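Asker: One line per chain: the protein sequences are A and B, in this order.
Counting in my numbering, the first sequence runs from 99 upward without gaps.
Counting in my numbering, the second sequence runs from 2 upward without gaps.
Think of the hints as simulated: they come from the structure by calculation, not from any bench.
Please note that a few of the clues may not be correct.
[Claimed, not checked] Cβ-to-Cβ under 10 Å is the rule here; a few derived chain B residues that face chain A:
id, residue
1, Val-7
2, Ser-8
3, Asp-9
4, Leu-10
5, Leu-13
6, Ala-14
7, Glu-22
8, Ala-26
9, Phe-28
10, Ile-30
11, Met-36
12, Lys-68
13, Ala-72
14, Val-74
15, Val-75
16, Asn-79
[As the list claims (entries may be wrong)] Simulated restraints on C-beta separations:
id, chain 1, residue 1, chain 2, residue 2, range
17, A, Ser-131, B, Pro-49, 37 to 45 Å
18, A, Glu-176, B, Ala-23, 37 to 45 Å
19, B, Met-2, A, Arg-214, 52 to 60 Å
20, B, Met-2, A, Ser-131, 51 to 59 Å
21, A, Ser-120, B, Glu-45, 21 to 29 Å
22, A, Val-118, B, Pro-44, 27 to 35 Å
23, B, Arg-52, A, Ala-241, 43 to 51 Å
[As the list claims (entries may be wrong)] Short, incomplete list of chain A residues facing chain B, as computed with Cβ under 7 Å:
id, residue
24, Val-106
25, Ser-131
26, Ala-179
27, Asp-180
28, Thr-182
29, Leu-186
30, Leu-191
31, Ala-194
32, Thr-198
33, Ala-199
34, Gly-216
35, Glu-227
36, Phe-232
37, Ala-239
38, Leu-242
39, Leu-244
Computed from a predicted model, the values in this text were never measured in an experiment.
The beta-carbon is built from N, C-alpha and C at its ideal position, and this holds for glycine as well.
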Amino acid sequence: MTHALNTVADGLRLPMEFSVSSRQPIVPPPDPSNGEADLKTVFDEIRDFYAVDRVPGVFRWIGRDPGFLQPYWQATREAFADRTLERLTKEILAFAVSMTAKSDYGVDFHLREVRRLGLSDRGLTEAVEVVQLFNTVTKIADALGLKPDFPARPSAPDS
Amino acid sequence: MEIVHVSDLHELAPEDQKFCEATKAWFKIDFVPKMTRVLLTVPEFGRPYGRASRRAMSDGALSRAQKELIASVVSAINVCEY
C-alpha cells in the first residue's frame, strides 16, 4: 500500500504534506469540500486516522473516483491497524519503504506518523541505520550475483 | 550467477573465523552465510562493517524483530533475492 500510494503522490508531484515543498501537482487534487456525502464520510475517517486537519493530497486525488477511494481507503486502514504488528511498527516499515524507494512524499508522510505515534530519536536513528545497512548488503549481493544460502522459509514459532 | 569466489571458512583469517562462528550463533544456523564470507574477503572492510551491522541489528529502542522486518522490506523494495 505504501509503495503504491507513494507512486501516485510522487508521480503526480503532489506537494509534501508536512514539509515545505515547492512541488506543483501535475493535476491538482480536488478540494475535499466539494465532495459528495459518501466522500465526506471517507475523508472524515482519513482525517481522524492520521490526526490531520486537511485530507492528505494523495487521498484527495484518489477521491476523484469515490467508488475506488472508499474500498481502497478501507484496505489501507485495515493494513495499518493494530494486529499482530502494532501500528507504529507498520509505520516504521512504511518509512523504511519510502526511504528505500526515495519517495519524498512517503518519507515526509511516514516520518510525521512515526513521530506522532511515539517513535523516539533513538528509535528513528536505529531504523535509519537498518535501512542504510540493508541498502548496502542488498546492492553488494545483487552486484556479485549472490544466490540465497538460507534454507527455504523457516516456519513461524507459533505455527 | 555469482561473479566472485566466495571464500570457504578455512580460507579466512583465524579472527575472522571466530566472527563467522559468532554469526552462526547470531542467526541460529549451522553454516556461515555467503554475505559474511564475501565481506570478509577484504577484512579491512568486512570487520568494521560486521561490527556496525551487529550493533545496528541488536535490540535497542527497536527490537531485533522489528529491525529484521525493516531489513525485509528494504530487500523487497530493492528486489534482492539474496
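Asker: For a quick check of understanding: which of the numbered hints are violated here, in increasing order?
Answerer: Going through the list in order, the structure violates hints 2, 3, 4, 5, 6, 7, 8, 17, 19, 21, 22, 23, 24, 25, 26, 27, 28, 29 and 34 and respects the others.
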